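> Listed in order, the protein sequences are those of chains B and G.
Reminder that position 1 of the first sequence reads as 68 in this note's numbering, one-by-one numbering, no gaps.
Reminder that position 334 of the second sequence reads as 401 in this note's numbering, one-by-one numbering, no gaps.
Since the hints were made in silico from the structure, they are not lab data.
Keep in mind it's a predicted model, so treat the numbers as computed, not measured.
All clues stand as given, with none of them false.
One copy or two, it doesn't matter: identical chains are merged, so the pair holds either way.
The list that follows gives simulated cross-link-like pairs (lysine to any residue, SDA-like), each with its CA atoms no further than 20 Å apart:
#1 180 - 265
#2 152 - 347
#3 436 - 127
#4 120 - 95
#5 347 - 224
#6 261 - 183
#7 254 - 224
#8 254 - 229
#9 432 - 121
#10 185 - 261
#11 180 - 261
#12 254 - 225
There are 2 protein chains.
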Amino acid sequence: MAQLSSSMEPMLKLRDELDIVIPTIRNLDLLETWRPFFEPYHLIIIQDGDPSKTIKVPEGFDYELYNRNDINRILGHKASCISFKDSACRCFGYMVSKKKYIYTIDDDCFVAKDPSGKDINVIEQHMKNLLTPSTPHFFNTLYDPFASGAEFVRGYPFSMREGVKTVVSHGLWLNTPDYDAPTKLVKPLERNTKYVDAVMTIPKGTLFSMCGMNLAFDRELIGPAMYFGLMGDKHPITGYDDMWAGWCAKVICDHMGWGVKTGLPYVWHKKASNRSENLKREYEGIFCQEVGVPFLQSVVLPKECTSVQQCYLELAKQVKDTLGQVDPYFIKLADGMVTWIEAWDDLNTPKGNQKLKHHKWLVSKRRSKLITKKKYGVVDGKSKRDAN
Amino acid sequence: MAQLSSSMEPMLKLRDELDIVIPTIRNLDLLETWRPFFEPYHLIIIQDGDPSKTIKVPEGFDYELYNRNDINRILGHKASCISFKDSACRCFGYMVSKKKYIYTIDDDCFVAKDPSGKDINVIEQHMKNLLTPSTPHFFNTLYDPFASGAEFVRGYPFSMREGVKTVVSHGLWLNTPDYDAPTKLVKPLERNTKYVDAVMTIPKGTLFSMCGMNLAFDRELIGPAMYFGLMGDKHPITGYDDMWAGWCAKVICDHMGWGVKTGLPYVWHKKASNRSENLKREYEGIFCQEVGVPFLQSVVLPKECTSVQQCYLELAKQVKDTLGQVDPYFIKLADGMVTWIEAWDDLNTPKGNQKLKHHKWLVSKRRSKLITKKKYGVVDGKSKRDAN
Chain B
68 MAQLSSSMEP
78 MLKLRDELDI
88 VIPTIRNLDL
98 LETWRPFFEP
108 YHLIIIQDGD
118 PSKTIKVPEG
128 FDYELYNRND
138 INRILGHKAS
148 CISFKDSACR
158 CFGYMVSKKK
168 YIYTIDDDCF
178 VAKDPSGKDI
188 NVIEQHMKNL
198 LTPSTPHFFN
208 TLYDPFASGA
218 EFVRGYPFSM
228 REGVKTVVSH
238 GLWLNTPDYD
248 APTKLVKPLE
258 RNTKYVDAVM
268 TIPKGTLFSM
278 CGMNLAFDRE
288 LIGPAMYFGL
298 MGDKHPITGY
308 DDMWAGWCAK
318 VICDHMGWGV
328 KTGLPYVWHK
338 KASNRSENLK
348 REYEGIFCQE
358 VGVPFLQSVV
368 LPKECTSVQQ
378 CYLELAKQVK
388 DTLGQVDPYF
398 IKLADGMVTW
408 IEAWDDLNTP
418 KGNQKLKHHK
428 WLVSKRRSKL
438 ITKKKYGVVD
448 GKSKRDAN
Chain G
68 MAQLSSSMEP
78 MLKLRDELDI
88 VIPTIRNLDL
98 LETWRPFFEP
108 YHLIIIQDGD
118 PSKTIKVPEG
128 FDYELYNRND
138 INRILGHKAS
148 CISFKDSACR
158 CFGYMVSKKK
168 YIYTIDDDCF
178 VAKDPSGKDI
188 NVIEQHMKNL
198 LTPSTPHFFN
208 TLYDPFASGA
218 EFVRGYPFSM
228 REGVKTVVSH
238 GLWLNTPDYD
248 APTKLVKPLE
258 RNTKYVDAVM
268 TIPKGTLFSM
278 CGMNLAFDRE
288 LIGPAMYFGL
298 MGDKHPITGY
308 DDMWAGWCAK
318 VICDHMGWGV
328 KTGLPYVWHK
338 KASNRSENLK
348 REYEGIFCQE
358 VGVPFLQSVV
368 LPKECTSVQQ
378 CYLELAKQVK
388 DTLGQVDPYF
398 IKLADGMVTW
408 IEAWDDLNTP
418 KGNQKLKHHK
428 WLVSKRRSKL
438 ITKKKYGVVD
448 GKSKRDAN
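Please work from the sequences and hints to get the whole structure.
Here it is as structure tokens:
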């Protein structure tokens, strides 16, 4: 390895620096499989859909759970920027976290194994990626030069070997690949079985498809750009939440001089979605992708934008002015982007923190009530005896 | 696989479309290990150093061998553009080949095995890379979407899925990694043991270290940009021949809208060079790299340059004007670049082809004489009896 951040070794101290964000509509039984890896960390669960439904979380996990009512109460009218009935709602979790790093995972992802048969510790690998520099200015043919056993190859300019701060680590998926609806229709049985033992920096000026299934990032630095857009209920688009965030975040990383890595670690993805339904839902998203990507590839942020918030507001302006002429959806999206930054700033100030503490107390109180109910034999309004 | 060129399946027909170029100063016993893979193809061997020395080539291979005297005779005063006492001399082979594709390999590279223990067919993999499109405009997180079992991931714009023509396939090396002299000094025992099962396109606008150890390219398209520069004897720089070619070729590929892939296939690299000697030899090359890369990253070729030759001459001009002010070596190099294009054009016209045919006949006559000598017991001026 070319260099190793001194902060890498003591992974334990990261317990206080990372939150795991999970959006879900179902009981989180899958956490049992993640227990050895997730139990040391704090979970932020964003319950999508019907807020009256109770999401069961296996015992022993330290978590806070927000449903739609909580989001509405905390953000007031600004809650309009958080999607409903779409996993895009997860970005609310980024906003209420107070940690430096976020790891987010889908509720249909399980622990994958490396080729030696060992369970993959996703957080350890993501943190290795984030805590070592990126190399966006020149491509290293032996992949991440900061990975164990790797180096810069001959011809790599010495002046570029310090690299830059890594702020996004994009992990991959074995089994069900992350294909769009038309590809799934054409190749229903295709599975990703190839374990590619590599991490690499996505070069400056190049966009990529950032999937939210297995993703880590530096919330303190790039958090305000991780807005998952307006999707699902009341909007014509769904399923492009993570893509939108990835395209915008990459444009901003390039401008700020930060790096994005992709590759290891893998999760095991087990999706059982309705393919025709997906096509119907993604139809408008494909249109958004075809016009959005070329636009974002051409965006130039003025050098006056020196914070992520400034960059994001400038991007929102350009989205409104340019894409807004193509489709009125982009006008709404641009407004959502502005509201998102306002809401982010509200909650990430000393005053906002104070307000949030009260809400966190309310959320935790509800949870205690639920645990008490469970302890005394009442779950979901029924006593254990009734259930039997 | 996203698409497969119909010309891929019948690999046999490629026998007439690919030459293998090997620069060497020693007997080519290593060809025995390559026999199953190289025997169907024509070899162009460029003998470096003392032209009076006889290079032995195992029987059964179809080859032509050029030494310095041949190069001087064929190119006349333009032979000044071909390096001597440096593996950069190999580019002469690209010039005299009449095939569409070139595969070039170092004489210290052997057949590697894939993780299943199977011998890797380098030419088959390189041709898969070259015969399927590249995707330089958007990064596919599951690597080459045209590889077997792979696809474009969600969020990859449909308008970009046709890809572009691939003209360079850069293969990698197991065992001794391709490090520069300082890195070798610092990490003498480091070996590359990681087989990364991936091929990927190097995005547009990004330069990389192109190693000539295990490289294939489309000679007809990018050949004139594959000049390995002025290195070795009479020049202050050595060991940066392939790097220079790679940086220039990538700039021109980006301008022409062509793609460059890197990754599979691997060769087994077994280098036994003198590390301190390397440092002495590469010292000036490192300087060249530190100023050359930022310059080439900033080069813009005018849209009037519509052929590789035009691009290359424009590049030579810019090298002379800009880098020539930094060090007089670059003035010589720029002149060499112009001479190279002149020589290329001389040999790649109907008239040049005719002239070359005569030289090829001379080279083949010398070879027949050598075989006859060998048959009747005389090798290197000694009879077999004397040798015993």
